[in-house]
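Novice: Chain by chain, the residues:
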Amino acid sequence: MSEFDDLYQAIILDHYRRPRNRGTVPDANVRVDGKNPLCGDEVRLELRVDGDGRIVDIKSSGHGCSISQASISIMTELLKGHTFEEGRRLLESVRAMMKGGEVDEEAMGELIALRGVSKFPVRIKCAMLSWTTFELAMAEFQAGRNGAGAVVSTEDEK
Amino acid sequence: MSCDVQKLREDFPLLRQTMRGKPLVYLDSAATSQKPRAVLDTLHTYYERWNANVHRGIYEISDLATQHYEAARAAVARFIHAAEPAEVIFTRNATEAINLVARAWGDANVKAGDVILLTEMEHHSNLVPWQLLAQRTGARLEFIPLDGQGRLDLAAAEKFFNDRLRLVAVTQMSNVLGTINPVAAIIRHAHAVGAVVLVDGAQGCAHIASDAQKMDCDFLAFSGHKMCGPTGIGVLYGRKRLLEAMPPFLGGGEMISVVDWREFTWNHTPWKFEAGTPAIAQAIGLGAAVEYLEKVGLDAIHAHEDTLVRYAWEKLHELPGFRPYGPPPDERGGLVAFTLDDLHAHDIAQFLDQQGVAIRAGHHCAMPLHKKLGVAATARASFYLYNTTAEVDALVAALRKALTFFGIETKTTVNV
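Protein chains in written order, with the working numbering: chain Z, 1 to 158; chain L, 159 to 574.
Isolated chain Z, as found in the complex (with noise of 0.2 Å):
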């Protein structure tokens, strides 16, 4: 498979084509956006959290690129029903699998399908968005806040 094709699989085409989870949540508890200026990406990630850190809900609106809007995609699929503690593990996974390191393929699902992204250093961002605005999510709600004003730039991924 050339690295083209790796990093648009037929997952992330799907994603990108049919996107899970759009809108927003109306009885969302913490609302956050992200941004990736290179490319003007734009993601709103609305969640409603339950008192032990599960996610109940979680939607996404926003536009960008096929690897962006496919990682959205995926990651709200994944993180839907489960807790922050699970969510912020797959977080990590992803960081790594960014950086070419290896990963436990049986518990990212679908997310390896991005792991293609890794060979073209540009589209890292694209595909790492989604992650970082989740990330503020949950700093944002444990902090006890609702993410109003909150908003987080790809730019400041280190």
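The hints are simulated quantities; they were obtained by calculation from the structure and are not laboratory data. As the structure is a prediction and not an experimental result, all values here were calculated from the model. All C-beta atoms in this analysis are idealised placements derived from N, C-alpha and C, irrespective of residue type, glycine included. A hint or two may mislead.
Said to hold, decoys possible - Interface residues of chain Z toward chain L, partial, derived using beta-carbon atoms under 10 Å:
#, residue
1, Leu38
2, Ser66
3, Glu106
4, Glu110
5, Ser118
6, Phe120
7, Arg123
8, Ile124
9, Cys126
On the provided structure of chain Z, position chain L as indicated by the hints.
Specialist: Below, chain L without anything else, positioned relative to chain Z:
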């Protein structure tokens, strides 16, 4: 006049390459142009036979290096019709040339309350240096707005042409919209109220015959690498009277006349602005580049690009969801920035790369303009003397495949 493109292409070794196993279709000359053999050979000859530091060397090859360096200055002066070679300052690129003016001329001539007039289509390099100058001096930035077709709305900017106006900095040709601006008319208008005009020729000078004296600009900035020359060399043309009145930009060797412990006197223009060892090989390479362009003929190049952009305009419009930015071909140079349905420009460029077609995607260093256009990013195909209509066909065919590949027409939303 017209170009024999197939013959010209033989002058550019890089164009014989393949990309991702397909013939390379290079449509990113607005970012940087490819280099003809004449320029590559000149660089080679310089390093093999003349390499020595310029000026002051008391030996033959240093003298040769100096002669070739100064001959390149004379060639560039001729190319842009400067009154004399002393009006040509070698810089790293157009960006450095603009920064030189903003620092050396701006700090000495711009005060709080003065107006610096730019346009809404400027590249960051003709915007940020003026923002910095405004921050240092308290001057105010104003902008000539765009009309609905991506042309300058000069009537709407009429109110800025008064005695507060100190400087107008305008691009000769937009790197996004392709618009060729009526710079001579703007210059006349600005001079009537005593303002100075800098023309950003980064895009224009490579494609349009540019006559600094006829245009009557006070400063003209451009980059060598966009006009068949090497990277690392650019030009600031300045009216001699202004250059002589300006303090130096950077301090160091070459720009001085006499140095004492606590003071120095500066050298004459243009060396006053060329501190340190200059990009000698690159300057000489730029000299070869302008000679190459003169041999082909700027009018022939412009006519060829005009043919290409008209052809591309027609073919691209056959694509569903094609949306160009900027005016129709009559008023544009050889580039087209566009969006295609709701495909992201980076996806387009990534797909085209796979097809051997090199285009640029993003904000093209014009973020405020993209904000104004209401798009985060555009894809841009840009043409030069070596491009062909067959390459335009390859572009269009690749874009058609991209639409199918990303399945834009079948997009739906799923909630699970």
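Novice: When the hints from earlier in the document are held up against this structure, which numbers fail?
Specialist: Numbers 3, 4, 5, 8, in rising order.
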